[in-house]
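Residue numbers (my numbering), protein chains in the order written: chain A, 1 to 399; chain B, 1 to 316.
A couple of the hints might just be wrong.
Using 25 Å as the maximum straight-line C-alpha spacing, the simulated SDA-like pairs for lysine to any residue come out as follows [as the list claims (entries may be wrong)]:
#1 K382/A / V266/A
#2 K107/B / L365/A
#3 K214/A / G195/A
#4 K139/B / V266/A
No lab work stands behind these hints, which were simulated from the structure alone.
All values derive from a computational prediction rather than experimental measurement.
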Amino acid sequence: MTANENTVTKKKKRSFADRWNGLPGWSRFFWIMGGVIFLFYLPELGNIPGTNLEIPGLGFLRTDVGVGGSDWDSILFRCAVFVLIALGLNVVVGLAGLLDLGYVGFFAIGAYSVALFGSQQSPVVKLLRANFDLAPDWALAWSWCILLAIVLTMFSGVLLGWPTLRLRGDYLAIVTLGFGEIIRIIARNSTITGGPDGITAIPGPEGAPNAQNKYFSILDQKWWYWLALVAVLVVILAVRRLENSRVGRSWLAIREDEDAAAVMGVHGFKFKLWAFAIGAAIGGLSGLLFASQQAFIDPSQFNVNLSILFVAMVVVGGAGNMAGAALGAILLTYLPERLRSLGALEFLPERFQDPAEFRYLLFGLAMVVVMILRPQGLLPSKRRARELKDRAQEVPVNG
Amino acid sequence: MNFDALFDHIGQHTVDGLAKGAIYALVALGYTLVYGVLRLINFAHSEVFMVGTFAVMWTWIGIGAGNTPSIGIAILLLVLGGLVGAAASGGTAVLVELVAYRHLRRKNAPSLVFLITAIGVSLSLTEIFGIFTGNGERKIQGMPTILNQSIAIDFLGVEITNLQLIVLAAAFLMMIGLDQFINKTRYGRGVRAVAQNPDTAALMGVNKDRVIVLIFALGGLMAGVAAVLWNMRYGFTRFDIGFVIGLKAFTAAVLGGIGNLRGALVGGLLLGVIEVYFATLTASKWEDVFAFIVLVVVLMFRPTGLLGESLGRARA
């Protein structure tokens with residue numbers, strides 16, 4: 001009897017996705033709006049805005065409660081930027097199945113395009129002023145820098161993809177790895193990029209960084225978080241549209257079997273190049289936000305390990321699923337900080353208490369463990385999980 | 001572009017490049033062996049080399065070697081270092097295969113999963129050595145100088161130092177040994193069979209898993225010898241030296257034709273030589289960029305490399 005009951009309950013148990021899809025349209029809209037409002041509320045987490053009242057329990061999630069915690073708004077901003085990166089890389093790794101280990105290169109190009117063309121201190125701006133008879137305080141407006149960053153990163157994505165995307169996938173990984181490093185070496189060795197000293201006074205939406213700025217100041221990071229959040233939401237909407245379009249279907253087809261896709265008339269190279277360019281543009285956008293908020297960048301901020309960290313975010317969270325990639329990014333950024341502010345790391349020797357010290361090791365190990373035990377990631381895309389399971393059944397002779 | 005500097009001493013630069021390339025070639029063999037059999041780029045191989053350099057360094061410091069000992073002791077230290085390095089690197093390579101790759105092969109995972117695992121292993125190994133050695137300062141770690149550099153041969157104005165001579169001789173010896181092993185012995189035949197067609201080889205009674213462990217061990221062994229040569233020549237190591245050496249060795253393997261043992265030697269030596277030429281022509285701070293450009297150009301125009309890909313040789 002119990003066995004029978006079990007089967008009945010099993011049948012009734014529906015996955016979250018099924019239940020979600022079963023909701024009426026107005027209900028889904030209500031939930032999404034609620035979620036978005038909650039995301040915008042996050043900087044105030046635990047407090048009711050406009051009052052001194054506190055919501056018990058919620059404040060526990062903040063990173064600035066314990067001793068030595070980090071500023072909550074900056075952590076939120078960093079999470080949002082990393083989510084943006086994960087969404088961009090998810091297009092390349094998760095949807096099109098191309099392993100891009102040089103994503104930090106695009107992130108750096110985005111950061112440097114706002115730094116080099118927007119900052120009063122940049123050698124490029126000074127050069128342009130001297131040669132083109134411009135006003136002495138001329139620099140490219142921040143809003144134009146966004147466009148420039150996207151155009152430049154897309155262009156560099158195509159430039160890198162053109163020679164390499166025709167090749168087998170594993171070559172792509174190592175070439176992109178080299179590319180990420182090259183960008184850093186160029187930034188370090190050229191004089192035009194400010195060399196190892198980097199570039200200061202990178203503008204934000206309100207122009208050059210200034211303590212008098214009303215919203216986007218260095219002291220209050222809340223508006224930076226909201227700005228990044230808006231970017232994340234826009235990218236989510238755009239990528240969702242792409243996923244369900246002809247382009248998105250072509251990416252999935254290429255990922256699962258490129259030869260079969262080619263037979264069906266999918267132009268592999270063209271769509272891979274698109275994935276690369278779109279991924280690069282999102283990476284550039286996140287680099288721009290990062291540089292604007294920091295107001296200062298130098299080449300050492302863009303080392304190769306960061307690229308691998310980005311890949312870890314996507315694959316640990318669940319490649320091919322935007323929610324998964326975002327979850328990976330949040331876990332990777334938020335957890336080490338929260339653990340530190342809890343004092344949970346105090347049993348470790350002092351130099352291991354800085355999350356930066358052991359973060360890479362933890363996520364290197366996480367990548368290996370996840371790939372062996374749950375290759376589809378924590379929050380997988382359904383299709384991808386099926387694909388992996390299907391492959392596991394066609395084990396070759398003598399394994 | 002400083003052409004005079006290059007052509008006035010072209011012979012000297014060639015010798016310098018060959019000695020540099022010999023180390024690339026030895027590391028490249030690891031990539032080539034694994035790729036030839038498994039069609040997998042073992043990203044963790046650069047760390048296999050790095051572990052070797054640390055093992056050799058600890059051995060030398062552990063037995064209390066001083067700077068520039070007498071020639072007999074120096075040779076003893078080099079041989080001992082070679083054995084320890086080969087054992088450490090070979091062991092690491094086999095461990096990586098057993099811990100990480102074997103499970104994935106059982107599940108017939110797509111190559112993306114293999115690559116990500118390899119990256120994870122590589123990152124973990126780098127970080128373990130970065131955090132737990134040298135007080136976690138992540139700095140260069142020096143070691144005793146085993147041999148003083150001196151000119152051994154002076155041939156028509158081309159000076160070959162004793163270090164270069166040892167590096168070249170050791171690299172060639174290892175290469176010939178490996179080539180003979182793969183082409184002449186029973187085990188080597190097994191490796192070639194699996195490289196040609198894994199399923200058929202398995203049906204013919206070749207133990208595929210054992211062959212795979214063997215190629216990881218061989219690749220690690222070569223990296224270990226490269227590690228002792230590196231330590232002798234440069235006298236330092238660091239937790240992240242694997243990255244640049246790995247990228248260059250991989251370029252060498254692709255240049256010669258990945259999966260082809262002799263190709264790895266040709267590719268390594270050639271890369272070393274053109275790298276030295278390039279460094280002489282331009283500012284040497286762009287040297288690391290150059291290897292990467294070579295890689296992209298080779299992949300664009302001749303992705304199968306100079307000698308073509310084949311470990312099994314008979315692949316049509």
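**List of violated hint numbers, smallest to largest** = 3, 4
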